[in-house]
Amino acid sequence: MIISASGIGVKRGDATILQSVDFVARPGELVGLIGPNGAGKSTLLEVIAGLRKPELGEVFYDGKLASSVPRRSLARRLAYLKQDAAVDWPLSVEKVVALGRLPYSGLFAARDRRADDKAIRAAMETAGIAHFAERNVQTLSGGERARVLLARALAVEAETLLADEPVDALDPLHQLNVMELLRSTRDRGTGIVVVLHDLTLASRFCDRLVLLDRGRVAAEGAPEDVLTDEIIAQCYGVRALTGIHAGGRFIVPWQKASQQLHDLKTDRLVPPLVANGHGRIVPINAAQQRRTLDS
Amino acid sequence: MSEIALQATGSAAGYRRLLGILSLTLLVAFVLSLAIGYGPFDFGAALHSALSGKDDLGALVFIEIRLPRAILGLFVGFALGLAGAVMQAFLRNPLAEPGIIGISGAAAFGAVVIFYSGLAAVSSLLLPIGGIVAALAAGLLLFAVAGRNANTATLILAGIAVNSLAGALVSLVLNLSPNPFAATEIMFWLMGSFADRSLTHVAIALPPIVAGCIALFLTSRALDALALGEDTATSLGFDLRITRALLVGGVALAVGGAVAVSGTIGFVGLVVPHLLRPFVAYRPSLLLPASALGGAILTLSADIAVRLLPTQPELKLGVVTAVIGAPFLFSLVWRMRGDLR
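Chains A and B, in that order, give the protein sequences.
Numbering-wise (the UniProt record's numbering), the first sequence opens with residue 1 and increments by one.
Numbering-wise (the UniProt record's numbering), the second sequence opens with residue 1 and increments by one.
Looking at chain B on its own, in the form it has when it is part of the complex:
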């Protein structure tokens, strides 16, 4: 019921309440993600010993296994939800999403190259850098191919081109892989997961994700103006070259950083903005924080779900989001099919 009221008013109070609800849900999901896992584990005791600096098994599990997984889930989901909302608002197209238009795929390729070439062993910092550089290249390529005033069809086609290029390059790397084990390892990594990540992963992923998210948030007012088209937005005082640079750079940093440690986790940026848009009265600027929080909630929840599912081996998170997200994409295309030009 409260959701219906929110949808109807879209007022400042309603928006604050929405963000409050989302933040609380996120907190719950984060704590659950810390508490749920394999094997017997006393969450309270582990938290206590971790905080008091003890070195027992509980603290070790907490700090080395649970905490990185939960933190990455939160930040990666936050970045994906935000990136999706920004791209959809900028391109005024509900199908825009880093995964669909190939940016995640390119970032994965960048990270795979670093893996495969052995550069990752030189410095783990190179991993996100590879992801970011490739994501940036994909973003620039996409804009170059699709052009400024890309309509839905052009954009999706350009995205398919970028995506297939990234996929082909990843296949090339797999093909050239010297032994099947390395190839399998890369394959599994590509599926996307937060399992077995350490605080080192957190340390290398967080700076680009945070920087990217800041850049993306800076576009919010211009995104509102863009609801009226590029000329009107410019006449309202926005330099869209800056907005575009913030968008491409922000998405590359946030998604590139995220993909470099987690592999590709698709559809979060597609599903979350779409679901939350009615609750912010369709205003792009208001959607950004909501979608970021929602992305974090969805990603953490899905990551909890894969640990609760009785499958062996554990399902990869990216597989789960794709299995849920792809039908969602079908339904979106179904509804938009009349509008595609």
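Isolated chain A, as found in the complex:
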């Protein structure tokens, strides 16, 4: 499903949350939605999920006006994973994941038990939570619960997955697990929009980045075009150590943009960094840079 939004404007009281935002999400594409706090990332995700009606602009699903697409049919095609959602009852993990199948049942519609069970099992396997399927979801750690809720969204088997900061509460290993999981879901043709704060993860895993700043799209495109030193300094107000390792870029926010990047010991300006292939990060010089980029 192609989701497109044009000229989106959202207000909350007097504050403008989003202003003239255009956005497209396509099948088989992993789009990262990034930006500083309060930039409007979650709001934009809610708008394209059809959960919030924008004051201005329209959202289209496969070219059809969002308001003309029935909620129920949209629910099978679009899964939404809310940021740090809680589960209000001590349900078992499996029952929580099974809630992802609700769009496929109805008051008068018989449900396809076999398809449901298959989807639930597959989602739990993918998220690596099958071994604690019977546990009470309220007793899980933050990371475990995040994966359960992700599995719940995967169980919808929707063409599009919108995930709001799914790696927020996770340790580094589980962050990588979830990002790899999103990438493999993308490889199966699902269109994914994911809100991220970690710029390295955004740069490494996303096909395209949309950077929001104060309710507007500040930059959009391939990660290396969006996450330039100038744009990072301008939007986030930080300077980052950046470099390349094994073909992937890392971006480590280091200090406020008002300060120069200094070597703390020698007080000299630090040039761009690159990993030297042994897990160490060294200053880049022209020759090294060429070699690294060539290889």
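These are calculated hints, taken from the structure and not from any lab test.
All C-beta atoms in this analysis are idealised placements derived from N, C-alpha and C, irrespective of residue type, glycine included.
A few of these clues could be false.
[Claimed, not checked] Examples of chain B residues toward chain A, derived with CB under 8 Å:
| id | residue |
| --- | --- |
| 1 | Asp55 |
| 2 | Val61 |
| 3 | Glu64 |
| 4 | Arg92 |
| 5 | Gly167 |
| 6 | Arg221 |
| 7 | Asp224 |
| 8 | Ala225 |
| 9 | Ala227 |
| 10 | Leu228 |
| 11 | Thr232 |
| 12 | Thr234 |
| 13 | Ser235 |
| 14 | Tyr282 |
| 15 | Arg283 |
Following the hints, put chain B in place on chain A, whose structure we already have.
Quick look at chain B alone, frame taken from chain A:
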């Protein structure tokens, strides 16, 4: 032992067994409610003559006294148990209950106004209508005051406000009462009872209760989805405006209809869902039928108990449920006190 097994699996078979056990218990309670009462009474003979259309004393007692009492106990308890389970699931709050948040109180006020104004004499149908309209107003007021994403504290505070408003209005009516006998009559009625109700009461209460319960059952799938919060429930295809309308309308019809004939019988909707929740693996949709049956069982049993207790005059049912339910509320608050925000 079987209960522990049920709790552990929460399987479809276990759930069917739970509903089976509850239905059987309800049947037993219903028959006992018909059989137990004051004075000598041959249940078998009365049932026989009632069924064969005879007009003797036994049949009269059966049809005019026992049957209405048992039917009302069943349906009112069913409605209260169901309404409590639905409200708790919708608000994701184990303290939500029509009595605690003022809906029963408002319904009682509506019915009292109809009583007091003499409209009840014009048409007995006006009694449930008064209860339903007031309950509906209370429900809407509650949502308006507490807002959509009410947390526990806000909701309870809004409920206290609604409850005190209803209480104040009832007091006003009592205060304006022209003679002490009318006031006493209203007071006793407010305490809640099924004693001395007729088949007319059954006829006026049943339609709104049944309609309300149907509306409440229609929310069950959305209630499951709401375990993940409102946004996720919406993304799963549920229009929560419809769910909210079914909830407010259903509770108003069911509770308003019930209170209009029985007075306020509190805490059934608080205690029953809470006790049964572990046996349905905490799934809101599964809790609805179980809690409805459980509410009917509890109400019928309590109504049997007041007839067996050697007190004079007979204890009012609402008094008994309150005396049992209020400490239960204490224990719930005690356990939740860390979570109240």
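Here's how the hints hold up against the structure:
1. A cut of 8 Å between beta carbons decides the hint on aspartate 55(B): the least distance to chain A is about 46 Å, and the hint is violated.
2. With 8 Å as the threshold, the beta carbon of valine 61(B) stays out of range of chain A, its nearest partner Cβ sitting at about 43 Å, so the hint is violated.
3. At a threshold of 8 Å, the smallest CB-CB gap from glutamate 64(B) to chain A is about 40 Å, leaving the interface hint violated.
4. Because the closest C-beta pair between arginine 92(B) and chain A is about 4 Å apart, less than 8 Å, the hint holds.
5. Taking 8 Å as the C-beta cut-off, the interface hint given for glycine 167(B) is violated, the closest approach to chain A being about 30 Å.
6. Given hint, arginine 221(B) at the interface with chain A, holds; its Cβ is 6 Å from that chain's nearest Cβ, closer than 8 Å.
7. The criterion of a C-beta within 8 Å of any C-beta in chain A is met by aspartate 224(B), whose closest approach is roughly 6 Å, and the hint holds.
8. Satisfaction of the interface hint for alanine 225(B) is found here, the shortest Cβ-Cβ separation to chain A being roughly 5 Å, below the 8 Å cut-off.
9. Look at alanine 227(B): its Cβ gets to within about 5 Å of chain A, closer than 8 Å, so that hint holds up.
10. Look at leucine 228(B): its Cβ gets to within about 6 Å of chain A, closer than 8 Å, so that hint holds up.
11. Taken as an interface hint, threonine 232(B) checks out: its beta carbon lies about 5 Å from the nearest beta carbon of chain A, inside 8 Å.
12. Checking threonine 234(B) against chain A by beta carbon gives a least distance of about 6 Å; that is within 8 Å, so the hint holds.
13. With a least beta-carbon distance of about 4 Å to chain A, the hint placing serine 235(B) at the interface is held under the 8 Å criterion.
14. At its closest, the beta carbon of tyrosine 282(B) sits 4 Å from a beta carbon of chain A; the interface hint therefore holds under the 8 Å criterion.
15. The interface hint given for arginine 283(B) is met, as the beta carbon of that residue sits about 6 Å from the closest beta carbon of chain A, less than 8 Å.
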